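The hints should help you fit chain F onto chain W, whose structure is shown.
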Amino acid sequence: MPKPNEKQLQMILEDMVVARTQAGRLWNLQRQGQVGTIAPIDGHEAAIVGAVHALETESDWVLPQYREPLGLRKYGPEVLDTFMLYNLGHPAGGHIPEPVKVAPSQISLGASIPHAVGLAWGMSLKDESGVVLVFFGDGASSEGDFYEAGNLAGVLKAPVIFLCINNQWAISTPTHLQTAADSFASKAEAFGIPGLTVDGNDPASVYEAVSEARNRATSGKGPTLIEATVYRLGAHTTADDPTRYVPSEDLSDAQKKDPVHTLIHEMKERNLWSDAKQSEVETAALERIDEAFEKAKNTPLSANSLMDHCFTSDTERQSRQRSFLMHSIGESNE
Amino acid sequence: MSEKVSELSMLEAINETLHSEMARDERIVVLGEDVGRNGGVFRATEGLIEKFGENRVVDTPISEAAIAGSAVGLAMAGLVPVAEIQFLGFSYQAMHQIAGQIARLRYRTQSRFEPQITIRAPFGGGVRTPELHSDSLEAQFANIPGLKIVLPATASDAKGLLTSAIRDPDPVLFLEPLRGYRGIRDLVPDEEHAIPLGEANLVKKGDDIVIISWSYQVELSKRVAESLEEDGVSVAVLDLRSIVPLDVEALTQIVAHCGRAVVVQEAPETGGFASEIIATINDECFWSLEAPVARVSGFDVPYPVGMLENLYVPDEARIRAAVLKTMEEE
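So the protein sequences, as listed, match chains W and F.
Going letter by letter, the first sequence gives residues 0 to 333 in numbering that gives the first Met the number 0.
Going letter by letter, the second sequence gives residues 0 to 329 in numbering that gives the first Met the number 0.
This is chain F alone, in the form it adopts within the complex:
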């Protein structure tokens, strides 16, 4: 018996999940800028205020630090805040609360206070936003112990992972790709759908080389992998789904199987999470490698203005070139 599914955009999947989780757990409070009457600037929170009322769906002042900081207090009161930072680039204005308070709350109070907090934020390029709307900051957060960082690449995963993120007793940063909101559509289970955090997804099997990625770059990697099949290269694609926790086992298995790997990220090269992946491969399965692991990244410059964006964001051509070069290495 197959479960019922509907084709949804990632945005619709996120909206549906917020509706179903709020209906399931009355402790959930959604807060953020324009999340109520406007339903979110992307409509991710559409319909929530009508259904759950303005006590549970709260339009806050423009104050990211107070959104993140008051989420700590809401959690201390026994509620489950699901906060939205309108764009991840604005999280800099909440960074001291996210990094210095939310992430350490459980540790510094030895679990007296439990930060069951989800922070949702759109990020990533490709839609010619104004400055600071597109930055990929996931590696900066990954260097903060105490935060889980979840990055769905499909609508179905967006539902499954957001469900788990909200229910997780630890704080989760849930990063939603701007380009994927309407650009990614797939079949999403109608019923409750929870994917455990920390389980990578081998979205395409392959034997010669694996492309490792997360968020929207998985979509590009899949396209590259499929096109290379026609050229006789068997390319696997591993979607990490979350970078904290990291599925080391799935990563190690597929890299050891293929012996060649390319890591794709949209963030700048230096200090990016791809570096962490390569270090992990080095630790876990270096001797099974047949070639150095390659990185495809943004460049080490601030995220650029719209007319330069296509030069910055890794595209299929750059991923393809990195795969072919890695295949040539002896």
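Pulled out of the complex, with its shape left as it was, chain W reads as follows:
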């Protein structure tokens, strides 16, 4: 199994620290009323970053659910820039520019899973070399889309990686109310594809599993379902109060396995990380998100964009509505 080397582990840890640091800033911005609802990444960093580092950004697609964007730094600065627009509620927040192979956040749970299968299938029809990795959670695995898409992918041998991040909670619903199966990975059996469970707090394990799945996919052997088990250390979203349902002892146990702290400790032991490096990465991460936030806030917004991009061109009725809209706010619709 391909393991990340020391250099890769350093890059993985850096991305994890960046994600955790920026998540804190984002939480504060939300509390100040400056951005909309946020789903914190805390506790998911190793699973997301470890997976993404096993991909080739030039050829492989990532279809996120909605908790992942801060962990996708490897795909380039456009992901964060676009994510900040998204958090502001700017329409450009849905358009990650070409050629970045990342789809925007998907609010409908599990709905991107069939997209991933279609995209992977299309890529193989076109003899393109990459794979598609789609993120979803333990809760989303109960959706029909997961079963329909998993089944189709198995039949087509589509080069897709299903990455189920099991963070133990679907908002307030624990996994034993989500499924009676032994694991989420075991559902792969019904699709006729391999399924495995990995420790999602250990980025090296996730990296290895995704690398292996990627090898399978690119050699024509089809999809893999990976369940990465983690613990959601924060709230479901900024609108959620987990103290209503998360047992405090469970949370404190999970905090002892915090993936970011664990890897920092391990890497320091191996002299691959230092407090100085830590503080340098954190400072740069904050500067970067503040810069992205400022850039997003200064991105022009035309009222026309309310009507743009529904169809390639307005229908007669949309055209009338656009004129009405622009007239009502005293602007030209040119």
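None of these hints come from the bench; they were simulated from the model.
All of these numbers come straight from a predicted model, not from anything done at the bench.
Keep in mind that the hints are not guaranteed to be accurate.
Said to hold, decoys possible - Now the stretches of chain W that chain F is said to cover, found in silico as 3 or more residues with beta-carbon under 8 Å:
1. 96-110
2. 119-129
3. 199-206
4. 310-319
Unchecked claim - The list that follows gives simulated cross-link-like pairs (lysine-lysine, BS3-like), each with its CA atoms no further than 30 Å apart:
5. W/K220 / F/K50
6. W/K6 / W/K73
7. W/K276 / W/K2
8. W/K156 / W/K276
9. F/K50 / W/K125
10. W/K2 / W/K267
11. W/K73 / W/K294
12. F/K203 / W/K156
Don't be surprised by glycine CBs; every beta carbon is placed ideally from N, CA and C.
Same frame as chain W, but now just chain F:
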């Protein structure tokens, strides 16, 4: 010089169009249940798998959501999926992908992803199908911004509109009347034939009243209009061809010309697209009306079982009665 034509059923016209479009554009992938080896349960996709191979003509598992959902991914990969939902009533099982994903893909990604997707589905009654095979759901889809909804009424239009639907960069729901598959036959151009989406067709001129309809109900409306000519009533028939985009200009012109109108749909009355047509008439040409616009619809009950079907589906008698009543209004 007249172009060459052949008399085809609507089904044959659809099949021929799929063949010619797939030959023209190698990005096209046909997917759906039984579309390959079986050639479709109605044979609309007959011969495609033999000609274009199983990479481009794909028998999918029974999973409407995955058919619609994977079409999104195929489009993201730069292919042009032409998906079949075996019966429109089964589209409920794909509704979250059609309404929540396909229709909004361009908007929510600001055109980063382009949903050049056609979904074909047969619908409509009159052939005593099992439950959920006959429902007319077009108005439900019309309330979803981002979907074009095309409903041919002739074989020739089926070719012309399906050609345009497949080539359209926006997602198109292409609805084929079950009764029309073999019941409608007309002259279809042999050569390439593309009718722009959003252009209604005034299939019969008239001066006293206009019947406005789409899909198979156009056929019934034409018969009613012709029979009323013998009674001295000059009845126009407007085939909308697509309800999104809606040809407001053609609609307004003919209603203003006649001053009286009847809208015919097979769907239930409440919330049907006929209501939208009447609201549009109200907006655009209310003062040219000489009588309230009438509706002929199915009833506000689920689509019934076979023995009740003839009572449910609007027929010539109901259309005729609505026309005569509207003619009597002062």
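Results of checking the hints against the structure:
Given as covered by chain F, the segment 96-110 of chain W passes the check, having 6 residues with a CB less than 8 Å from a CB of that chain where 3 are the minimum. Counting residues of the segment 119-129 of chain W whose CB falls under 8 Å from any CB of chain F gives 7; the rule of at least 3 is met. Check on the segment 199-206 of chain W: 0 of its residues sit with their Cβ under 8 Å from a Cβ of chain F, so the three-residue criterion for coverage is violated. Judged by the Cβ-Cβ criterion of 8 Å, the segment 310-319 of chain W is covered by chain F as claimed, because 5 of its residues qualify and three suffice.
Under the criterion of a C-alpha separation no larger than 30 Å, the hint pairing W/K220 with F/K50 is consistent with the structure, at around 27 Å. Between W/K6 and W/K73 the CA atoms are separated by roughly 14 Å; this keeps the pair inside 30 Å, and the hint holds. Taken as a hint, the W/K276 and W/K2 pair is honoured in the structure, with Cα atoms around 23 Å apart against an allowance of 30 Å. For the hint linking W/K156 to W/K276, the alpha-carbon distance of about 43 Å lies beyond 30 Å, and the restraint is violated.
For the hint pairing F/K50 with W/K125, the CA-to-CA distance comes to about 19 Å; that is within 30 Å, so the pair holds. Restraint check for W/K2 and W/K267: the C-alpha separation of about 19 Å stays at or below 30 Å, so the hint holds. Between W/K73 and W/K294 the alpha-carbon distance is near 20 Å, which keeps this suggested pair within the 30 Å criterion. For the suggested pair F/K203 and W/K156, the alpha carbons sit about 53 Å apart, so the restraint of at most 30 Å is broken.
In summary, the structure is inconsistent with hints 3, 8 and 12 from the numbered list given earlier, while agreeing with the others.
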